[in-house]
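Visitor: These protein sequences, in sequence, are chains F and Z. Heads up, the first sequence is in this note's numbering, so the first residue is 1 and it goes up one at a time. Heads up, the second sequence is in this note's numbering, so the first residue is 1 and it goes up one at a time.
Honestly, the hints are just simulated from the structure, not real lab data. Warning: the hint list may mix true and false statements.
Stated by the list, open to error - Calculated pairs, DSSO-like style, for lysine-lysine (alpha carbon to alpha carbon, straight line, at most 27 Å):
| no. | chain 1 | residue 1 | chain 2 | residue 2 |
| --- | --- | --- | --- | --- |
| 1 | Z | K244 | F | K125 |
| 2 | Z | K39 | Z | K50 |
| 3 | F | K125 | Z | K50 |
| 4 | F | K62 | Z | K244 |
| 5 | F | K215 | F | K49 |
| 6 | Z | K244 | F | K215 |
| 7 | F | K125 | Z | K39 |
Claimed, not checked - Which stretches of chain F does chain Z cover? Using the computed rule of at least three CB atoms under 8 Å from a CB of chain Z, they are:
| no. | stretch |
| --- | --- |
| 8 | 12 to 24 |
| 9 | 216 to 228 |
Here a beta-carbon is modelled for each residue, glycine too, at the ideal position from N, C-alpha and C.
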Amino acid sequence: MNARFLDWGLRGYIALVFVFIFAPIVFSMIFSFNSDRFPTIPLGSFTTKWYAAIWNDPDVWKAVRTSMIVSGCTAILATMLGFATAYTDYRYNFRFKSAYLALVLLPPTIPLIIMALAMLAWFSKIGASGEVWSIILAHTVLTAPFAMAIIRLRLNQMDASIEAAAWNLGASEWRTMREVIVPYCKPAIISALCLTAAVSFDEFAIAWFVSGLNKTVPVMILEIVQGNIDPRVNALGTFVFLTSMTLVIVAQVVLMTRKGVKG
Amino acid sequence: MPRPNTYALTWRLPIIVWQLLFFIGPLLFMIAMSFFLVKNYRMIEAFEMKNWVKMFGRNYFWDSYWLTLWLATLSTIVTTLVAFPASFALAFRTSETTRRWAIFLLIIPFFTSYLVRTFSWYTILAESGVINAMLGTIGIDPITMLNTKFGTIVGYMTLTLPLVVVLQTFALANIDRNLVQAARNLGCPPWRTILTVIVPLAKTGLIVAALFCFILSFGDFVAPYYLGGSKPPTLPILIIDTTKSGQQWPRAAVVAVVMMVTLITIAFTAITLAYRKRASA
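With the rest of the complex left out, here is chain F (with noise of 0.2 Å):
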C-alpha cells in the first residue's frame, strides 16, 4: 500500500478524533452568544443576553463563591496530603508500604456516584452534612492522588545525593526539608494546586449529593439541565470551560518548561 497515502488517511483520522473532543466544547461557547433558545444553525443573532442574565443572577454569584472556596480550599488541603505522601513514598521504605499507597490511589479508580452516596450517607451519620467544608473533605480525598502524582514524578527527577549533602552540611531534616526539597518540588507544587483546583471545581456528583443548599456551580448547571433547554447553560459552561482549562493548562505548562531547571 501506498505508505503516504496512509500517512495521511492517519493524519486525518487524528484530526477528526480531536474535532469529537473538541466540537462539543467550541459548540457551546458559539452557542452562548446566539440569540435563539434553543441552540442550533443557521445562527441567530449575535447576542451577549445569556451572559447578562447570569451576571444579574445572584444565585450564581453565590455558586461562584462556593465554588471557589471549595476548589481554593480543596486545592490547598490536597497538595498539601499530595506532597507529604509522595515524599514519604520517595524517602522511605517500610511494611505494608504498598496498602499506603492503596490506600492513597486508590479513590479516583472508584465511581464518583458510590463516592456521593458513601460520604452521604456518612456526612449524615456524624453530623456534617450539608455543609461547605464537607464538600471540601469529599473532593480532597478524591483530588490527592493527582497532586501526590504529579509531585512524586518531580521528586523522580531530583538527585538523592542534594538531600544527603544539605545534612552532611550541618542542616537538620526540616531545613532541607524547607530549603531544598520544597523549593525543588516548587513547579510540581504550583501544577499539583491548580489541576486539584480544577478537577474540584468541574465535579458534580459528590458536591450534588453533599452541598445541600450550598450548590456549587456544576451542581447549579446539574439542576438547569434537569429542567430544559436554557442557553444560560452555554454561557454558564463557557464560564467554567475557561476557569478549569486556564487552570489545567497552567498546570501542564509549569512542568513543561521548567523541566530542566535544577531545583
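Position chain Z against the provided structure of chain F, taking the given hints into account.
Guide: Below, chain Z alone, put in the same frame as chain F:
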C-alpha cells in the same frame, strides 16, 4: 528498618488518618447501611437482609444491571477501537513534538467539565440540532440520535476517549522498536505486524486503558440520563433515583455495593490478563 522518627511520621501519617476518616470510613459505612432499615422515612441501624432480598427480587434491578454491564462493555469496545488508530499514528507516525502537543491537548478536556460537554452533545444531537440541521440542507431527513444507545455511547466517549488515547499512546510508544523493525525485515506485512507484534507487546497498557474506560462508563450517570433517555435507568441513575426521591438510602447502598463487587471482579480479571505472560513465545 529504623524506627520512624517524628519527622518521618509527620509526612506519613496525615494521609492515613485522612483516608481512614473520609474514604474508608464512608465506604464501610455504606456497606453497613445496605443492611439498615427505613421506617417512616427514618433510617434505623439494623442488620437485616431485607434490602438485598427486595432489590434482588425486582426485575427492574436486573434490567438495569445487565443494561449497565452491556453499555459499559460496548463503550469499552467502541472506544478502544476508535482510539487505536489515533494512538497508533501518534506513537509511530508522528514526531516527538507532535505527540507531546497531542497529549497536552488531550489532557485538557479530560479535566474539563464533562457535564457541560455532554449537555452540548445534547443540543448537537437533538432532532433539530446541529447535525440534523446540516443533514437537512443536503436533503436528508432528521435522524434520531438522542435517547438511543448511540447517544449514550457518544456521551461515554466524551468522558473516556481522551484518556484512552493518551494511555494507549503511552503503551504503544514504549514498546521496543527493534522488535517491530525485525518483524518488518523478516517480511511480516503491516497488518500482521500490528496484530501479532505491536498489540501483544503493548498488551498491559492497552488493557489498563480499556479497564479505565469500563470503570468510567459503568459509573457514569450523565450520558445514559441525558443522551440515552434512561429507559430503563442504568445502575448509577438507579442510585440517584433511590436516594433522591425515594429516601431509600439502604437500597441505594445495595446497588452501590453490587457495582463495587462487579467492578472489583472485572478489574481483577483485567489486571490478571494484562500481566499474564504468554506460555510460549
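Visitor: Run every hint past the structure and note whether it holds.
Guide: Results of checking the hints against the structure:
Distance restraint check for Z/K244 and F/K125: the Cα-Cα separation of roughly 17 Å lies within the 27 Å cut-off, and the hinted pair is therefore satisfied. Only pairs whose Cα atoms come within 27 Å are accepted, and Z/K39 paired with Z/K50 is accepted, the gap being roughly 12 Å. Restraint check: the Cα-Cα separation between F/K125 and Z/K50 comes to about 21 Å, which is no more than 27 Å; the hinted pair holds. Taking the CA atoms of F/K62 and Z/K244, the gap is near 23 Å; set against the 27 Å cutoff, the hint holds.
The suggested pairing of F/K215 with F/K49 holds, with an alpha-carbon distance near 23 Å, which does not exceed 27 Å. For a cut-off of 27 Å, the pair hint linking Z/K244 to F/K215 stands: about 16 Å separates their Cα positions. With a C-alpha separation of about 17 Å, the suggested pair F/K125 and Z/K39 falls inside the 27 Å cut-off, and the hint holds. Judged by the Cβ-Cβ criterion of 8 Å, the stretch 12 to 24 of chain F is covered by chain Z as claimed, because 9 of its residues qualify and three suffice.
With 4 residues having a beta carbon nearer than 8 Å to a beta carbon of chain Z, the stretch 216 to 228 of chain F meets the requirement of three or more and the stated coverage holds.
Checked against the numbered hints above, the structure violates none of them.
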